[in-house]
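**Student:** Sequence:
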Amino acid sequence: MARNIHEQPFDEETITKLRIFEIYTQEWLPTMIMGKPGQTICIFDFFAGPGYDIKGVPASPIRILQQIINQYGNILAKKTRICIWFNELDKQKYEQLNKAVKEFISTSSELQKIIKYHQLSYKITNKDFAILFPEVLDIIQEYPTLAIIDQNGIKFASEEYFSDLCSAECTDFLYYLSSSYFVRFGEEKAFQMNLKIDMERARAQPYKYIHESILQQLKERIPFNSGVKLYPFTIKKDSNIYGIIFGASHIRAVDKFLSTAWKLNGINGCANFDIDNDVEHSSPNLFGDEMHIPTKIERFKKKLREQILARVIRTNEDAFLFTMEEGHIPSHALEEIKEMKKEGLITYNSRSPLVNYSAIYKDHKNINFSLK
Numbered sequence: 001m002a003r004n005i006h007e008q009p010f011d012e013e014t015i016t017k018l019r020i021f022e023i024y025t026q027e028w029l030p031t032m033i034m035g036k037p038g039q040t041i042c043i044f045d046f047f048a049g050p051g052y053d054i055k056g057v058p059a060s061p062i063r064i065l066q067q068i069i070n071q072y073g074n075i076l077a078k079k080t081r082i083c084i085w086f087n088e089l090d091k092q093k094y095e096q097l098n099k100a101v102k103e104f105i106s107t108s109s110e111l112q113k114i115i116k117y118h119q120l121s122y123k124i125t126n127k128d129f130a131i132l133f134p135e136v137l138d139i140i141q142e143y144p145t146l147a148i149i150d151q152n153g154i155k156f157a158s159e160e161y162f163s164d165l166c167s168a169e170c171t172d173f174l175y176y177l178s179s180s181y182f183v184r185f186g187e188e189k190a191f192q193m194n195l196k197i198d199m200e201r202a203r204a205q206p207y208k209y210i211h212e213s214i215l216q217q218l219k220e221r222i223p224f225n226s227g228v229k230l231y232p233f234t235i236k237k238d239s240n241i242y243g244i245i246f247g248a249s250h251i252r253a254v255d256k257f258l259s260t261a262w263k264l265n266g267i268n269g270c271a272n273f274d275i276d277n278d279v280e281h282s283s284p285n286l287f288g289d290e291m292h293i294p295t296k297i298e299r300f301k302k303k304l305r306e307q308i309l310a311r312v313i314r315t316n317e318d319a320f321l322f323t324m325e326e327g328h329i330p331s332h333a334l335e336e337i338k339e340m341k342k343e344g345l346i347t348y349n350s351r352s353p354l355v356n357y358s359a360i361y362k363d364h365k366n367i368n369f370s371l372k
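Numbering (this note's numbering), first residue to last: 1 to 372.
These are calculated hints, taken from the structure and not from any lab test.
By construction, the Cβ of each residue, glycine as well, lies at the ideal position given by its N, Cα and C atoms.
Don't take each hint at face value.
As the list claims (entries may be wrong) - Ranges between beta-carbon positions, derived for each pair:
| # | residue 1 | residue 2 | range |
| --- | --- | --- | --- |
| 1 | Phe-129 | Glu-220 | 22 to 32 Å |
| 2 | Arg-314 | Ile-293 | 24 to 34 Å |
| 3 | Glu-339 | Asp-90 | 49 to 59 Å |
| 4 | Val-312 | Ser-226 | 24 to 34 Å |
| 5 | Pro-294 | Gln-92 | 47 to 57 Å |
| 6 | Arg-203 | Lys-55 | 37 to 47 Å |
Said to hold, decoys possible - No more than 30 Å apart at the CA atoms, straight line, and that leaves these computed lysine-lysine pairs for DSSO-like:
| # | residue 1 | residue 2 |
| --- | --- | --- |
| 7 | Lys-372 | Lys-78 |
| 8 | Lys-236 | Lys-219 |
| 9 | Lys-263 | Lys-301 |
| 10 | Lys-341 | Lys-362 |
| 11 | Lys-229 | Lys-113 |
| 12 | Lys-196 | Lys-229 |
| 13 | Lys-302 | Lys-263 |
| 14 | Lys-127 | Lys-102 |
| 15 | Lys-303 | Lys-341 |
| 16 | Lys-113 | Lys-127 |
| 17 | Lys-296 | Lys-208 |
| 18 | Lys-365 | Lys-229 |
| 19 | Lys-102 | Lys-79 |
| 20 | Lys-296 | Lys-229 |
| 21 | Lys-99 | Lys-116 |
| 22 | Lys-78 | Lys-365 |
| 23 | Lys-303 | Lys-236 |
| 24 | Lys-99 | Lys-55 |
| 25 | Lys-301 | Lys-342 |
| 26 | Lys-55 | Lys-236 |
| 27 | Lys-342 | Lys-296 |
| 28 | Lys-301 | Lys-236 |
| 29 | Lys-102 | Lys-116 |
| 30 | Lys-55 | Lys-102 |
| 31 | Lys-36 | Lys-362 |
Using the sequences provided together with the hints, build the complete structure.
**Tutor:** Encoded structure:
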């Protein structure tokens, strides 16, 4: 049975998860708000909890509301309409959530004002996710949406929900899984009815990669007509492995999530611990450089260099898309491309290779890399 995380103060791992939700919301909101004026955007927090832990540390609903306050001026200027839906099945937690949200709004003149102007609306419901999700699916498919599915366990990790989210072109989602449950119960019939995973294949990798292994199998089931990209963030607590699956179709959303992930862990950008032992690998090797094991960032830079020299990557846009596909951030590519120019391997007619979303897609600055 899944544990009740709200019976105790949030632990470090739960705070990490909440920070990912919060930081991504912080990145997502201005991107949506500063887009088309007057548009409606939606946020769904399907497993919202009581609003705070027992020590008063805010959970996702309060963190979301705080980020909306931070965008107060832009919301008014752009006449954006924001619809929020907080849901919690447990009756006691629902009542606590209802009280927490309303009290928080009562202390914020900004939230009260945008509610008065019909630019913010919210619902707090007490429904089973299996009932609520089909009821709101049309909304998710129609409007730009951020969906947070912070379930405690794996009950709602079904292919049906996953497929629906992947088919919603304007939806970004953060899907939390108790990934180690797959190792324990993955071959049981009841478990496989929710999400069928090839456990022999999943166990072929070390246990610490179970979340990434599950995500890899999910990638193969993305509907053929979907442009969604999936990325993992593994969270380790004691001997258990949990994780977030991020999904989005737009490359700007991918850029924002990877920025969020690498802010939390500058070593690998995909876990709350040193999943690849990169700290050890980055230390001087007593047996010389030939025995050096490259870190994740070093492996990426080597691969990028090879792709540029092979003329597979020819432009800053090529480099940016490759960087996103590999789960890295533009600064990693920028460093390597500048180094290649310094070494006299390539040239480009710019002070910077401009490997970033704004330069490529907003300013339309195209940089060609030429071999010397």
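**Student:** Next, verify each hint and record whether it holds.
**Tutor:** Results for each hint:
1. Phe-129 / Glu-220: 22 to 32 Å: holds (25 Å)
2. Arg-314 / Ile-293: 24 to 34 Å: Because 31 Å falls inside the window, the suggested range holds.
3. Glu-339 / Asp-90: 49 to 59 Å: holds (54 Å)
4. Val-312 / Ser-226: 24 to 34 Å: holds (25 Å)
5. Pro-294 / Gln-92: 47 to 57 Å: At 51 Å between Cβs, range holds.
6. Arg-203 / Lys-55: 37 to 47 Å: holds (38 Å)
7. Lys-372 / Lys-78: It is violated: about 48 Å lies between the C-alpha atoms, which goes past 30 Å.
8. Lys-236 / Lys-219: Judged against 30 Å, a Cα distance of about 22 Å means the pair holds.
9. Lys-263 / Lys-301: holds (19 Å)
10. Lys-341 / Lys-362: holds (25 Å)
11. Lys-229 / Lys-113: violated (37 Å)
12. Lys-196 / Lys-229: holds (20 Å)
13. Lys-302 / Lys-263: holds (22 Å)
14. Lys-127 / Lys-102: holds (19 Å)
15. Lys-303 / Lys-341: This hinted pair holds, its Cα atoms lying about 16 Å apart.
16. Lys-113 / Lys-127: Measuring from Cα to Cα gives roughly 29 Å; hence the hint holds.
17. Lys-296 / Lys-208: The hint holds at about 16 Å.
18. Lys-365 / Lys-229: Measuring from Cα to Cα gives roughly 25 Å; hence the hint holds.
19. Lys-102 / Lys-79: Holds, at about 23 Å.
20. Lys-296 / Lys-229: holds (20 Å)
21. Lys-99 / Lys-116: The hint holds at about 20 Å.
22. Lys-78 / Lys-365: holds (27 Å)
23. Lys-303 / Lys-236: This hinted pair holds, its Cα atoms lying about 28 Å apart.
24. Lys-99 / Lys-55: holds (16 Å)
25. Lys-301 / Lys-342: Status holds; Cα separation ~15 Å.
26. Lys-55 / Lys-236: holds (23 Å)
27. Lys-342 / Lys-296: At roughly 23 Å apart (the allowed maximum being 30 Å), Lys-296 and Lys-342 satisfy the hint.
28. Lys-301 / Lys-236: holds (27 Å)
29. Lys-102 / Lys-116: holds (14 Å)
30. Lys-55 / Lys-102: holds (19 Å)
31. Lys-36 / Lys-362: Holds - the C-alpha atoms of Lys-362 and Lys-36 are around 14 Å apart, at most 30 Å.
When each numbered hint is compared with the structure, violations occur for hints 7 and 11.
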